[in-house]
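Engineer: The chain contents come next:
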Amino acid sequence: MSTTDVSSSTESGHVAWVLAATCLVWIMTPGVGLLYSGLARKKHALSLIMLCFLAIPIVSVQWFIWGYSLAFSRTGGPFIGNLQNVFFMNLQWDSGPTNASKQVPEVLFAIFECMFAVITPALIIGAVAERVRLLPTVIFIFIWSTLVYDVIAAWCWSKNGWFATLGGLDYAGGIPVHISSGAAALAFCIVVGRRNRPSSPHNIVNVILGTVLLWFGWFGFNGGSAVAANKRAIMACIVTNLAASFSGLAWMFLDYFKYNKLRAVSFCSGAVAGLVAITPASGYVAPYAAAVFGIVSGVLCNLAVAMKRLLGKYDDAMDVFAIHGIGGFIGNILTGVFADQNIVSLNGDNINGGAVNGNFIQILIQLSGSCSGMMYSFLVTLIILYIMNIIPGLSLRLDGEDGTDIIEMGERAYRFDEEPETRNAIIEKGDVESVDIESANNENGDVERSDSESTNNEVV
Amino acid sequence: MSESLYISLDNNQQLTMTNDTNPSEKFIRGDVAWVLTAACFTWLMTPGIGLFYSGLARRKNALSLIMLCFLAIPIVSIQWYTWGYSLTFNKNAGPFIGNLQNVFFLNLDWDSGPTDASQNIPEHAFAVFECMFAILSAAIIVGGAAERIRIFPTIIFIFFWSTLVYDVIASWCWSKNGWIAKLGGLDYAGGIPVHVSSGASALAFCLIVGRRLEDNGMKPRRVIDVIPHNIINVVIGTIFLWFGWFGFNAGTAMAANKRAIMACIVSNLSASLGGLTWMFLDYWRNGNLYAVSFCSGAIAGLVTITSGSGYVSPFSAVIFGVIGGAVCNFAARLKFILNFDDSMDVFAIHCVGGLIGSILTGAFADKYIAHYSGEFSWELNEAGELDGTDITEHGEAAYCFADAPEENVIRINDN
Numbered sequence: 001m002s003t004t005d006v007s008s009s010t011e012s013g014h015v016a017w018v019l020a021a022t023c024l025v026w027i028m029t030p031g032v033g034l035l036y037s038g039l040a041r042k043k044h045a046l047s048l049i050m051l052c053f054l055a056i057p058i059v060s061v062q063w064f065i066w067g068y069s070l071a072f073s074r075t076g077g078p079f080i081g082n083l084q085n086v087f088f089m090n091l092q093w094d095s096g097p098t099n100a101s102k103q104v105p106e107v108l109f110a111i112f113e114c115m116f117a118v119i120t121p122a123l124i125i126g127a128v129a130e131r132v133r134l135l136p137t138v139i140f141i142f143i144w145s146t147l148v149y150d151v152i153a154a155w156c157w158s159k160n161g162w163f164a165t166l167g168g169l170d171y172a173g174g175i176p177v178h179i180s181s182g183a184a185a186l187a188f189c190i191v192v193g194r195r196n197r198p199s200s201p202h203n204i205v206n207v208i209l210g211t212v213l214l215w216f217g218w219f220g221f222n223g224g225s226a227v228a229a230n231k232r233a234i235m236a237c238i239v240t241n242l243a244a245s246f247s248g249l250a251w252m253f254l255d256y257f258k259y260n261k262l263r264a265v266s267f268c269s270g271a272v273a274g275l276v277a278i279t280p281a282s283g284y285v286a287p288y289a290a291a292v293f294g295i296v297s298g299v300l301c302n303l304a305v306a307m308k309r310l311l312g313k314y315d316d317a318m319d320v321f322a323i324h325g326i327g328g329f330i331g332n333i334l335t336g337v338f339a340d341q342n343i344v345s346l347n348g349d350n351i352n353g354g355a356v357n358g359n360f361i362q363i364l365i366q367l368s369g370s371c372s373g374m375m376y377s378f379l380v381t382l383i384i385l386y387i388m389n390i391i392p393g394l395s396l397r398l399d400g401e402d403g404t405d406i407i408e409m410g411e412r413a414y415r416f417d418e419e420p421e422t423r424n425a426i427i428e429k430g431d432v433e434s435v436d437i438e439s440a441n442n443e444n445g446d447v448e449r450s451d452s453e454s455t456n457n458e459v460v
Numbered sequence: 001m002s003e004s005l006y007i008s009l010d011n012n013q014q015l016t017m018t019n020d021t022n023p024s025e026k027f028i029r030g031d032v033a034w035v036l037t038a039a040c041f042t043w044l045m046t047p048g049i050g051l052f053y054s055g056l057a058r059r060k061n062a063l064s065l066i067m068l069c070f071l072a073i074p075i076v077s078i079q080w081y082t083w084g085y086s087l088t089f090n091k092n093a094g095p096f097i098g099n100l101q102n103v104f105f106l107n108l109d110w111d112s113g114p115t116d117a118s119q120n121i122p123e124h125a126f127a128v129f130e131c132m133f134a135i136l137s138a139a140i141i142v143g144g145a146a147e148r149i150r151i152f153p154t155i156i157f158i159f160f161w162s163t164l165v166y167d168v169i170a171s172w173c174w175s176k177n178g179w180i181a182k183l184g185g186l187d188y189a190g191g192i193p194v195h196v197s198s199g200a201s202a203l204a205f206c207l208i209v210g211r212r213l214e215d216n217g218m219k220p221r222r223v224i225d226v227i228p229h230n231i232i233n234v235v236i237g238t239i240f241l242w243f244g245w246f247g248f249n250a251g252t253a254m255a256a257n258k259r260a261i262m263a264c265i266v267s268n269l270s271a272s273l274g275g276l277t278w279m280f281l282d283y284w285r286n287g288n289l290y291a292v293s294f295c296s297g298a299i300a301g302l303v304t305i306t307s308g309s310g311y312v313s314p315f316s317a318v319i320f321g322v323i324g325g326a327v328c329n330f331a332a333r334l335k336f337i338l339n340f341d342d343s344m345d346v347f348a349i350h351c352v353g354g355l356i357g358s359i360l361t362g363a364f365a366d367k368y369i370a371h372y373s374g375e376f377s378w379e380l381n382e383a384g385e386l387d388g389t390d391i392t393e394h395g396e397a398a399y400c401f402a403d404a405p406e407e408n409v410i411r412i413n414d415n
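Going down the list, the sequences are from chains A and B.
Once you know that position 346 of the first sequence is 346 in the UniProt record's numbering, the rest is easy, because the numbers rise by one and skip nothing.
Once you know that position 27 of the second sequence is 27 in the UniProt record's numbering, the rest is easy, because the numbers rise by one and skip nothing.
If you're looking for bench data, these hints aren't it; they were derived computationally from the structure.
Misleading hints may appear alongside valid ones.
Only pairs whose alpha carbons sit at most 16 Å apart, straight line, appear in this in silico EDC-like list of lysine to aspartate or glutamate [unchecked claim]: (1) K91(B) <-> D116(B); (2) K182(B) <-> D116(B); (3) K231(A) <-> D340(A); (4) K42(A) <-> E401(A); (5) K102(A) <-> D349(A); (6) K60(B) <-> D340(A); (7) K91(B) <-> D109(B); (8) K231(A) <-> D349(A); (9) K60(B) <-> D417(A); (10) K60(B) <-> E419(A); (11) K60(B) <-> E418(A); (12) K159(A) <-> D349(A).
Pair by pair, the computed Cβ-Cβ distance ranges are [stated by the list, open to error]: (13) F105(B) <-> M89(A): 41 to 47 Å; (14) P287(A) <-> C40(B): 40 to 46 Å; (15) N177(B) <-> M89(A): 37 to 43 Å; (16) N286(B) <-> G393(A): 17 to 23 Å; (17) V209(B) <-> P287(A): 55 to 61 Å; (18) L367(A) <-> W284(B): 55 to 61 Å; (19) G393(A) <-> V209(B): 43 to 49 Å; (20) V103(B) <-> L83(A): 55 to 61 Å; (21) C40(B) <-> Y256(A): 33 to 39 Å; (22) M89(A) <-> R222(B): 49 to 55 Å.
Reference excerpt, derived from the structure (chain B facing chain A, CB under 7 Å, subset only) [what the hints assert, rightly or not]: (23) D31; (24) A33; (25) T37; (26) R59; (27) L63; (28) M67; (29) L207; (30) I227; (31) H229; (32) N230; (33) V235; (34) I265; (35) A291.
Yeah, the Cβ is synthetic: ideal placement off N, Cα and C, and Gly gets one too.
Chain A extracted, bound-state conformation (with noise of 0.2 Å):
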């Protein structure tokens, strides 16, 4: 005798698969951090990896709140949602709030948006590595995540977005996550400012670990957006190996035709522009373009990487402008090249196609969903860190020798053979009278690098 969860639209393949994407997409914030903190130098290297770890509770919390709701409630307008699904409440069983989540609960579909959500904000702390503060970057995050995450969210993905209703392809999140972190965390690093020291990445396995989480999780990212275990998830799956890996190749090919060598951070923030450009496109694109659309991102994003230079005004500590701001921007005009209707017809849907359908004007719409995404992004930021900046108390620079590990948290992320080994000596030793991690330290953090290996620097 079997106790069932029967209900006519709701299946227990289509819930497995997409719990266990929730899941995937959970662990790729963590993986942010492991890569933004191998890059960065060491007496930096924990509250980078503490500020994207802290993303997950603040938006978590943001999105029970409010956050679904602005974002996805079935009675919203084309630009924001409404408040009748605060905390969670008057979801439906039968199906979710749009046309691609029919086949699971609503409340599945809010618990999976919600990774979403927080690896958005993740994403930006990376531009301004190494001089920011910790409780107004936390609180940044909330106040961000409502005026920007959520509306964007709401115009690509809500059923009564003006972008989807003009026919916007944005299968995971080309606008709302990538295009938007990445013109936030151009406005953030202009406020903020310069660092004062040239860096260089302290551990790079931790660069690599990073980005074995993000690519593992990118495949619950692109392939749990079916919401469905359905052949348009395992099509999302293949295009999503695809394209990171002819991005993570040819970006690392190119940097080996500058440098000469064969570099391991080249690779990782290849892979990473590569999933990041075939976000938008991977419920819409056959193989075949999945290596077109690595190939080009590789490409374009490590010269947009130099544009920083280039341009000299602004210093994107991790490139996330670059490889996310410009990379989604890439991912999502190829989207309006490339969308097929034969690969949206292998669930049944069906849409008018991309230039490779002969519709052009796809291209159009997608440009206008980018711009309008990008810029609303940068100049609502730059508002909100403007006015952040203004009130006392809330002022985001942080300067000083010690690093911020030191500073803000009063940790070190590594003690390797250093005495003393316990707060007991330190207090027994006479020399401070609190347990002090700070005083303990009679050295400086780590050895400032010598300038020609800072200058070889290709942090992404």
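Go by the hints and put chain B onto chain A.
Structural biologist: For chain B alone, coordinates are given in the frame of chain A:
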């Protein structure tokens, strides 16, 4: 649009779903997919706790800590396969322990699991999923006696502890005939068998083994407070734990159903609030936003929600997280006051957190959430009716204090 499910009436005139390609298979494929995935996620929790402990210790002990936790995987996997599963979940088990009918995974039923919740999956899937719980429980204890134990005796200890403690308590709580289950006690994913038992055992372990020595090799007057050698590893360990906990709690639904979804949501919320609470409590106390505080708090929140993950609403999860984080934070100070060297706060986080979680489950369990796992059930599948908080609360309070002192050599004041 998928025609993979085939609805029919079975012998008892109950609606049942089978697979069209092989109608004799009575399990639901989607549910099996989720439980298998959840088993893999839960597996990852053990290396996660190894990394967590390893990062918190001194560099010279880093490898032994992660290896002790990692070694729990093969030891307990073998023990589970040999007789652990049988002693815990045997269908003809007694109220206190099972029998040896299912040793070496013999006589398992492909059609359904041995408990009411696991009717949709084969018993084999249930067995391998529960194996991961047994592994994790043993690995947790290692932290209590970190930096001062020998590896070989410890792995022998793990084998026997799993048999004599974990299997016994798990059969009380989860076996169909277990006395706590029959009493109506609610423990969804293992507050008692996994966390309270391992936390209390860790306390016993650290009392037996004694305090760590100081830097100069002398026995200290007070408990020493070690500075972590690699906090990045602590964070990575917490990442694997939190990620795996989705499988731990949501997989306990034994199906890809609404209860699994709800367990996912409440786990995430409780961890978030637990982490923030512990971190801000330490910020208020010390003026710094410690990474270790956030990680400990997130784990405390997850431990707290474990018993209640299939019974409570998202609102309640917020309360679970805040209370769990706060109480465990205060409990972590106990080792300095009472002078026992629980290196990684295993007692404070797991035992105290598990107890708090059990009590709060009694307060906040909601029968509407429990019914999410069977809309078409003509009879109740849950162990007992969940009507009101009084009976469940008394039942909860009674049993969770009943087993905690069992593992303690010296009773700590737990009133």
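Engineer: Go through the numbered hints given earlier and state which of them the structure violates, listing their numbers in rising order.
Structural biologist: 6, 14, 18, 27, 28 and 29
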